[in-house]
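Below are the chains, spelled out letter by letter.
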Amino acid sequence: MIDEIGHFALVLALLVALVQASVPLYGAARDNAPLTAVARPAAIAQFALVALAFLSLVHAFVVSDFSVSIVAENSHSDMPLLYKIAGVWGNHEGSMVLWVLILTFFGAGVALFGGNLPPTLQARVLAVQAMIGAGFLAYILYASDPFIRIVAPPDGNGLNPLLQDPGLASHPPCLYLGYVGFSMAFSFAIAALIEGKVDAAWARWVRPWTLLAWCALTIGITMGSWWAYYTLGWGGFWFWDPVENASFMPWLAGTALLHSALVVEKRDALKSWTILLAIVTFSLSLIGTFLVRSGVLTSVHAFAVDPRRGVFILGLLTIAIGGSLALYAARAPRLAPSGLFAPVSREGALVFNNLLLAACAATVITGTLYPLFVDALGETKISVGPPFFNLTFTPLMVPLLIAVPIGPMLTWKRADLLGAVQRLWAAGVAALLAVLAGWYIHSRGPVFAVLALGLAAWLVVGAAVELAERLKLFRAPLSESWHRALHLPRSNFATALAHAGLGITLAGVVSTAIWRVERIQTLHPGDVVDLAGYAVRFEGVVPHPGPNFEGQRATLVVTRDGLPVAVMQPEKKHFPVANQDTAETSIHTTGFADLYAALGDPDPRGGWVVRLYYSPLAPFIWFGGAMMFAGGLVSLTDRRFRIGAPARQRARAAVEPRPATAGD
Amino acid sequence: MARKLIYLLPIAVFAVLAAAFYAGLGRDPAIVPSALIGKPVPQFALPPLLADKPGLATADLKSKPVLVNVFASWCIPCREEHPLLMHLARDGVAIYGIDYKDQPADAKAWLGELGDPYRRLATDMEGRVAINWGVYGVPETFLVDGTGTIRFKQVGPLTIDVIDRKILPLLKSLAR
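Quick note, the sequences are listed as chains A and B, same order.
Heads up, the first sequence is in the working numbering, so the first residue is 281 and it goes up one at a time.
Heads up, the second sequence is in the working numbering, so the first residue is 1207 and it goes up one at a time.
Hint data in this document are derived by calculation from the structure and do not stem from the laboratory.
There may be inaccurate statements among the hints.
Simulated DEER-style distance windows between Cβ atoms [said to hold, decoys possible]:
id: 1; chain 1: A; residue 1: T917; chain 2: B; residue 2: G1244; range: 53 to 63 Å
id: 2; chain 1: A; residue 1: T835; chain 2: B; residue 2: T1365; range: 32 to 42 Å
id: 3; chain 1: A; residue 1: E819; chain 2: B; residue 2: S1269; range: 43 to 53 Å
id: 4; chain 1: B; residue 1: L1376; chain 2: A; residue 2: D861; range: 31 to 41 Å
id: 5; chain 1: A; residue 1: L635; chain 2: B; residue 2: P1246; range: 34 to 44 Å
id: 6; chain 1: A; residue 1: T835; chain 2: B; residue 2: D1258; range: 33 to 43 Å
id: 7; chain 1: A; residue 1: V709; chain 2: B; residue 2: E1319; range: 55 to 65 Å
Where chain A lies over chain B, by a calculated footprint (3+ residues, C-beta under 8 Å) [to be verified]:
id: 8; region: 1272-1286
id: 9; region: 1306-1316
For glycine and all other residues, C-beta sits at the position ideal for the given N, C-alpha and C.
With these hints in hand, go ahead and build the complete structure from the sequences.
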């Protein structure tokens, strides 16, 4: 019964979405206030209906109702509650419902908290949002109905064991929050094209939504990479897999969008480019969904390969992306640029940032889709691997990273590059020291890796110097610096935090990639392996059963110079329901390096294959990602757009009549 | 006019993309033939594993048809296919080995235990050369003809079936 209610709610949500996509648009065009006003209640109703459908699906999983097809296929009565719930989005149909839930959640957010938006803009944004919603709801009902009933089997097939992990349980919601969050920027861009007006106020409304999406995507990617690191058992953290790239492309474009929206907000320039970036960022999110769902590219992650779905999604893509780009081609030429600036200026630095980030995104797209093109042209299937990405991505990232600390030092309109660089002397010294230290520790390493460490130090210390400059730290009395710190906009702290996080991640990526020590060996009880100065003794393997798997647990005793360091217990799990094996790695971290152990297969003579890795600075990769995420959050709390503060908004509206002019 | 055309560029790019997506639909992504079949072997030179047996380089693969087997002592399926390699070697098939990401001492002990079917035996400790060969994982076996061109590739352990139906007929036709 509950499942039928959920199904019915989805149908109703589609009808509401169709109304929301058309009526307010007509109302806004005809200046008809009652019709325009339909948008808000419709958006809230659409969210409520989709939430009802989602909750009934959660209910079916929690009570293990195996008469629902996807529950029988993806759940099992033995599974812990957490994985029963995660099972909702651990499959194609359920994950699409989650996708639409988040989409309508954002729509309801604009309806509830967008009271300060001009009514026509708000109505148009919600209409565009509803078009996307209608497309995906139709897709769910037509090609991937989550509520299909079957004759209930005695028990379910269980969730893919690889997905039975706390990290992965929360990974897709974060990623989707990011993907779908960019739909807000997209809807705002389309609405602005329809209105024919882009100004500083528009940018100020778009930025928090973009920031929120960016934060979610950042933490989602970070968690995904952490998951790959500790569950796949090969010590790697990023594989340039099409599905990883699908999340990385919108991230790159979204990062560019965040920065270019800043220029629109502060200087009223780069308007048409920002609109294009907003369209492209969400388009890349859609293409990401398409790549994962349709199986056009070979990937270890793809869990739904179905051409019929592919055709439908491709149709949606063509309408959404093709339509919006056509609108862009027609309307964008009229968005005249107004703010002028010299090449050396904050704007110039942000343009530089955008060009390089766009080039990076283009590189990733090319690498990801190249096999598809070759295939479409009738050549053989090929795969583009990490060497391509390392070769093309690095030269683009290096100038970008060099510029990161300089950009915030420059003033708007016209800046003094030499002066800015001079103020960064401390960061330069730190970079030099890092290079020397890296050289001293790893004299065998490739030169560029040591230089990259210097670059990381440049980023981190550069971010600190930027803050110190603003606080006049060490230059003014401490009390004045403290006073300045209290009044400095939070966005300045956010910038420093995010940029420093980038440096931390860079340090982790480079040293893990270059200086990782790897030992793959067959070990017998009592064997000792030397790993980067640590002695690892293999004690043996004992059975270690779990609720829904059979486990084998190895014990490794790690010592250094005879002193105990850690006991590591990597496991190998066999899931009988799915007849699948997974590896549970054991990681001992010092904060500056990881010791990493994974248990492989037994050989017939009592030995076990054990993979051991020593990865210097590996924890920095995810720590830096978390810092960038934190930076985004801090920026969200900046008073410029603390959403849901109507009193301040009204006060501002009183002094600052719309449309707001440039600057702040 | 030219300025207007720039604004049409994004949609033109997307049109090409969409066409490629459409063409890509309906093809089975699971079929991944090796890109290297029919291509010359990559340029490489690897040191020998054993003192009394030569290593392997590109130039060594241009005289006669051979099998190149990538293996490791820590690889359990390699142990499975090893007796087949011993058989082939006894029947006079030339097999060259590349020991992948392995400790030399382990590899030596392994060969001491199971026998050594290789005429040339190189060690690829870092696994860099294996990447150039497009190796996904061990074991993998390549058939290289007398001109240094890869003619066949087996991903995973060799089986009697593959040897009888693919490798031996191909070797026979190449010998003619």
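### Message
Hint compliance check: list the failing hint numbers for this structure, sorted ascending.
### Response
Every hint satisfied by this model.
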